[in-house]
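Trainee: The residues making up each chain are set out below.
Protein chains: 2
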Amino acid sequence: MSKVGFIGLGIMGAPMAAHILKGGHALYVHDIKPLPADLAGQGAVTCGSGREVAQQADIVIIMVPDTPHVAAVLFDDGGVAQGLTSGKIVVDMSSISPIETKQFAFKINALGCDYLDAPVSGGEVGARAASLTIMVGGPERAFALVKPLFELMGKNITLVGGNGDGQTTKVANQIIVALIIEAVGEALLFAARMGADPAKVRQALMGGFAASRILEVHGERMINRTFEPGFRIELHQKDLNLALSSARAMGLSLPNTATAQELFNSCTAHGGKAWDHSALVRALEMMANYEIGAPVPQ
Amino acid sequence: MSKVGFIGLGIMGAPMAAHILKGGHALYVHDIKPLPADLAGQGAVTCGSGREVAQQADIVIIMVPDTPHVAAVLFDDGGVAQGLTSGKIVVDMSSISPIETKQFAFKINALGCDYLDAPVSGGEVGARAASLTIMVGGPERAFALVKPLFELMGKNITLVGGNGDGQTTKVANQIIVALIIEAVGEALLFAARMGADPAKVRQALMGGFAASRILEVHGERMINRTFEPGFRIELHQKDLNLALSSARAMGLSLPNTATAQELFNSCTAHGGKAWDHSALVRALEMMANYEIGAPVPQ
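From first to last, the protein sequence lines stand for chains E and H. Using numbering that gives the first Met the number 0, read the first sequence as starting at 0 and increasing by one per residue. Using numbering that gives the first Met the number 0, read the second sequence as starting at 0 and increasing by one per residue.
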């Protein structure tokens, strides 16, 4: 059994931490908000700072919203770095910048500690069901030590490569998911506007090379107009921002990712930041002055 | 057994017609080029014009490159329309404009004949193996009569709706295929340029929501640099042109389809019109001055 620290007990972090506690590990937690009641009741130890968590635990897991939050948790006064001693492991499961992740790892390594970047996909449902996909970057020895904890939280767990590669894989995942949603949106809107039944078109396409999980799940959402999340547009905007800002730093052109981000921005302009990301099709529909399911203009 | 006409005996049409002949039907063929020797040897009857084919056959199948060719086969002097009599069926299996298809059907219906648009996917391999996907638009009674012939040529056969809907479905298919290729290109190029192993990233993504046949097949081509067709870029450019010209006529904005077409144009500028469509990633690579598999610039 390990001494595990967990910093960031939000919608994702709270159920993930609960799985670790149920796995029989000692759990030291910290958040800027009050501790969820069920965690405290099950024996989690509340700490007043990241430094205190790092002093108590051997493996410190972080699950916060974005790059600046990870930087603050690690390196601010009272942060994790001040409590680390050689041989401990920092595991960042947030989805943040791959480029800054490499810098964070470098600074943590200088303290004699290994660093793993281990972002997840699967959302709140996956966090609760312990079925998250976990994409890991970092040294194999640290991965081997932390793997039993990952297995308490997720199912599809891959060590992709060195530090940053976990975050890179997550960004690549979010690029593809956004762009297939956009592709299915263009195709189904085209089909509907041309007068075909989009449900029948979707069905016909499911048998061939155009098939995907996105066509199946998000295509159905576009046809049935069920845009409650699911995965909120504002979160996917954050992920595409990681893609576009990293790409800019590398001199890399991602034209369709850029367009998808603009379409999400248009959804937000219409009050849609909390719509499911499949509602990206609404931005296309607004441009076309036509909506899937509406009568075709004669 | 039916009397079947077949006009257009190219790379796709010749093996498709051969399957019909082997199915025991009488076959009347016409092409502007000489008849393939094996078809003649197996008993196909050569006709001097589309009109003659339509006079001899009850079901006339057309398989030619693009919209203007179908218009010529049907309505030029000596064309199919001049040979049709009430009750015959015209089946266009070419991939052409959904909008003009509706006009062609209207004119053929005026002669007392049903019309089916029945474009295919699966390429030369599918045509030879009789495993084509066939997306059909038109009246159910005609579909029921022609279905035994479709079953000699393909496997996944769907009546999507009325005339034009088959072509619309094919265009929707080609939009999605192009845009997933583009998405996989952006994601794998991003991953490689960030220093991750694109093969491991592809493997990690295959388990989740980013999974698709395209990531599997075309993603592997991008990593292994195997760009022999497959499906030629110049053919996909034709299909995206159908999408973009139809969309323009409808006032529909397809931003990522437009970008994919521009990227294909860039491939063509570099001598790539006969590259496999997965080579779209090369246009992204040229913009980035970096190629998947190359060492990452320091």
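Keep in mind the hints are simulated off the structure, nothing from the lab. Fair warning: there could be bad hints in the mix.
No distinction is drawn between identical chains; accordingly, a pair holds when it is met within one copy or between any pair of copies.
Straight-line alpha carbon distances no greater than 27 Å define the calculated DSS-like cross-link-like pairs of lysine-lysine that follow [said to hold, decoys possible]: (1) Lys-237 to Lys-21; (2) Lys-2 to Lys-272; (3) Lys-21 to Lys-199; (4) Lys-199 to Lys-101; (5) Lys-146 to Lys-2; (6) Lys-106 to Lys-199; (7) Lys-101 to Lys-21; (8) Lys-199 to Lys-237; (9) Lys-272 to Lys-21; (10) Lys-101 to Lys-272; (11) Lys-106 to Lys-237; (12) Lys-106 to Lys-146.
Trainee: Each hint needs a verdict: does it hold in this structure or not?
Mentor: Here's how the hints hold up against the structure:
1. Lys-237 to Lys-21: Classified as neither; 31 Å inside a copy, 58 Å across copies.
2. Lys-2 to Lys-272: neither (38 Å within a copy, 59 Å between copies)
3. Lys-21 to Lys-199: neither (46 Å within a copy, 32 Å between copies)
4. Lys-199 to Lys-101: between (47 Å within a copy, 19 Å between copies)
5. Lys-146 to Lys-2: within (14 Å within a copy, 67 Å between copies)
6. Lys-106 to Lys-199: between (55 Å within a copy, 26 Å between copies)
7. Lys-101 to Lys-21: neither (32 Å within a copy, 63 Å between copies)
8. Lys-199 to Lys-237: between (34 Å within a copy, 24 Å between copies)
9. Lys-272 to Lys-21: neither (35 Å within a copy, 58 Å between copies)
10. Lys-101 to Lys-272: neither (30 Å within a copy, 40 Å between copies)
11. Lys-106 to Lys-237: Result: close within a single copy only, 25 Å intra versus 53 Å inter.
12. Lys-106 to Lys-146: Answer is within; shortest intra-copy Cα gap is 23 Å, inter-copy 67 Å.
Consistency note: the structure conflicts with the earlier hints numbered 1, 2, 3, 7, 9, 10.
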